[in-house]
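Colleague: The chain contents come next:
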Amino acid sequence: MVAKAVEAPNVGFDFSNYARNQFFGERLQGIPKATSTGTTIVGVIFGGGDSGEEPGVCLGADTRATGGPIVADKNCEKIHYLTPQIRCCGAGTAADTEFVTNLISSNLELHALSQGRPARVVTAMTMLKQYLFRYQGHVGAHLVLGGVDVTGPQLFTVHAHGSTDKLPYVTMGSGSLAAMAVFESSFKENMKRDEAIALVARAIRSGIFNDLGSGSNVDVAVITKNGTENLRNYEMPNERGTKSRNYKFRRGTTAWTKESIRSLIVSEEIKSTSGAGKDQGGVEVVAVPTGAGAGGEEGMEIDS
Amino acid sequence: MANINSVDIARLKNGEVNLGTSIMAVQFDGGVVIGADSRTTTGSYIANRVTDKLTHIHDRIYCCRSGSAADTQAVADVVHQHAQVYTAVYGAPPTVSRAAALFEKMCYDNKDQLSAGIIVAGWDKESGGSVYNIPLGGGMFQQPWAIGGSGSTYVYGYCDATYREGWSEQETVEFVKNTLALAMSRDGSSGGCIRMCVITKDKVERHFIPGNELPRFWEGKEIIGSVNKQQVVLA
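The listed protein sequences correspond, in order, to chains A and B.
Note that this note's numbering has the first sequence beginning at 79, numbered continuously upward.
Note that this note's numbering has the second sequence beginning at 2, numbered continuously upward.
It is possible that part of the hints are untrue.
Stated by the list, open to error - Distance condition first, Cα-Cα at most 25 Å in a straight line; then the derived DMTMM-like pairs of lysine to aspartate or glutamate: (1) 244/A - 214/B; (2) 270/A - 313/A; (3) 178/B - 53/B; (4) 244/A - 78/B; (5) 244/A - 175/B; (6) 244/A - 166/B; (7) 266/A - 53/B; (8) 244/A - 104/A; (9) 244/A - 60/B.
No lab work stands behind these hints: they were computed from the structure.
Computed from a predicted structure; not experimentally measured.
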């Protein structure tokens with residue numbers, strides 16, 4: 079194939095990858111499906127009344143992202159940030175939930191700044207439902223929205239077509255039936271914080287173990303008017319067992335004739351930037367040696 | 002304009018949340034009584050078993066929603082906003098007929114994209130209590146009583162036979178309660194509990210009847226025929 083410099087068009091939609099995708103679709107078993115969060119997500123309102131605790135919302139999610147029958151991400155984050163006191167769990171198409179929550183989070187921050195007060199949960203709900211309704215369900219985001227504002231704790235479900243429900247306990251995603259079974263039998267009003275977390279974890283575990291589309295770990299977020307606690311990987315009931323043998327090959331298994339080691343860094347210069355960068359303690363490093371950057375830690379070990 | 006040669010029967014899209022539903026509104030001297038069941042379904046799963054389908058449009062105007070949950074919520078939100086603007090501009094709340102006309106405009110102009118059956122009811126100074134039925138096509142029909150939703154088909158006979166003009170508020174509430182209970186017991190897409198609003202000049206009073214306190218009608222017996230003869234058991 080001749081490599082040609084492709085100029086991206088300035089206007090209109092870019093179809094340059096269409097032929098390439100079609101080609102792959104024919105070669106493989108069809109065009110790959112968009113990554114979907116199989117998912118179990120839940121939310122519960124707790125506290126207040128005679129529990130003696132601050133009223134709040136407890137959200138939970140599993141951490142499996144699937145692309146068809148394959149687990150694309152074993153530990154993805156499904157509890158998205160909207161504002162300091164509002165969080166949103168997302169089920170459905172992973173890209174859609176990620177981007178729609180990002181967009182509404184930005185808009186909420188602007189809204190809060192222009193109004194001079196913290197954003198309310200109903201504002202987030204209205205923005206989400208109006209956006210999703212406009213796209214008639216094509217943006218596949220099924221969300222559990224929970225937060226605390228001046229009017230108290232609130233919990234909503236938002237479906238991809240733009241309908242919302244306000245409820246004291248909710249579940250969404252492929253594991254929602256398994257999780258709802260747990261809620262319907264054990265939910266009570268005015269639970270204590272620890273009871274609520276335990277209930278949410280049970281409901282997510284029910285989804286993880288009984289639904290093929292959900293799995294891995296339990297994430298929890300607890301929101302009260304005093305703040306939000308993100309309990310990432312609150313429970314990890316699916317840790318990989320330790321391997322019984324060492325499967326590494328010792329150095330020398332493959333014979334070599336010549337060894338030559340070169341540093342890929344020719345020269346390195348450290349320059350501190352002025353202005354905003356300087357205030358943030360920004361130090362610009364020009365070159366990054368391989369194996370030591372962000373990806374390097376997760377890279378393969380050639381020998382131990 | 003839609004292609005008239007191909008009709009889209011399956012109005013609700015795949016995975017869309019559906020207000021299966023039984024809704025109704027009845028006018029009486031001094032106001033209206035509106036009522037609905039509380040079930041929202043996605044396919045065969047009940048997404049919300051305690052839905053409030055009686056949506057506030059203005060102080061003395063409410064609407065009952067059936068069809069697609071997303072479509073009816075969106076339309077009701079728009080009309081709610083229009084009603085607020087009307088009040089700000091004209092200094093007086095809109096009449097029920099004006100609110101119903103707003104609904105009708107939205108539902109008719111967007112009839113191809115929407116799946117919404119709405120009953121608008123309320124009280125205003127000009128006409129007292131009034132009920133407007135706006136079914137799927139977007140037509141508007143003023144009636145003394147209106148029923149809607151998938152469960153309504155089962156209770157047309159009961160309503161035709163039972164309704165009388167000149168009822169008091171209490172008798173109207175009984176009528177609504179009994180009709181909805183009958184519809185909910187026969188329609189799979191309706192159920193849960195009954196929510197009602199009584200809208201009069203002075204106030205809007207909400208009533209709630211939980212599922213285990215619904216009026217009960219004939220529930221059948223397992224064995225028919227006399228005890229002496231060979232017993233026929235209905236499975």
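Colleague: All hints are to be evaluated individually against the structure, with a verdict given for each.
Modeller: These are the hints, each one checked on the structure:
1. 244/A - 214/B: Roughly 24 Å separates the two Cα atoms, so the pair holds.
2. 270/A - 313/A: holds (19 Å)
3. 178/B - 53/B: Holds. Residue 178/B to residue 53/B sits at ~16 Å (cutoff 25 Å).
4. 244/A - 78/B: holds (15 Å)
5. 244/A - 175/B: violated (28 Å)
6. 244/A - 166/B: Not OK: residue 244/A and residue 166/B at ~37 Å, beyond 25 Å, violated.
7. 266/A - 53/B: Holds, at about 21 Å.
8. 244/A - 104/A: With a Cα-Cα distance of about 45 Å, the restraint between residue 244/A and residue 104/A is violated, given a limit of 25 Å.
9. 244/A - 60/B: Holds, at about 21 Å.
Hints 5, 6, 8, counting from the list given before, are not met by this structure.
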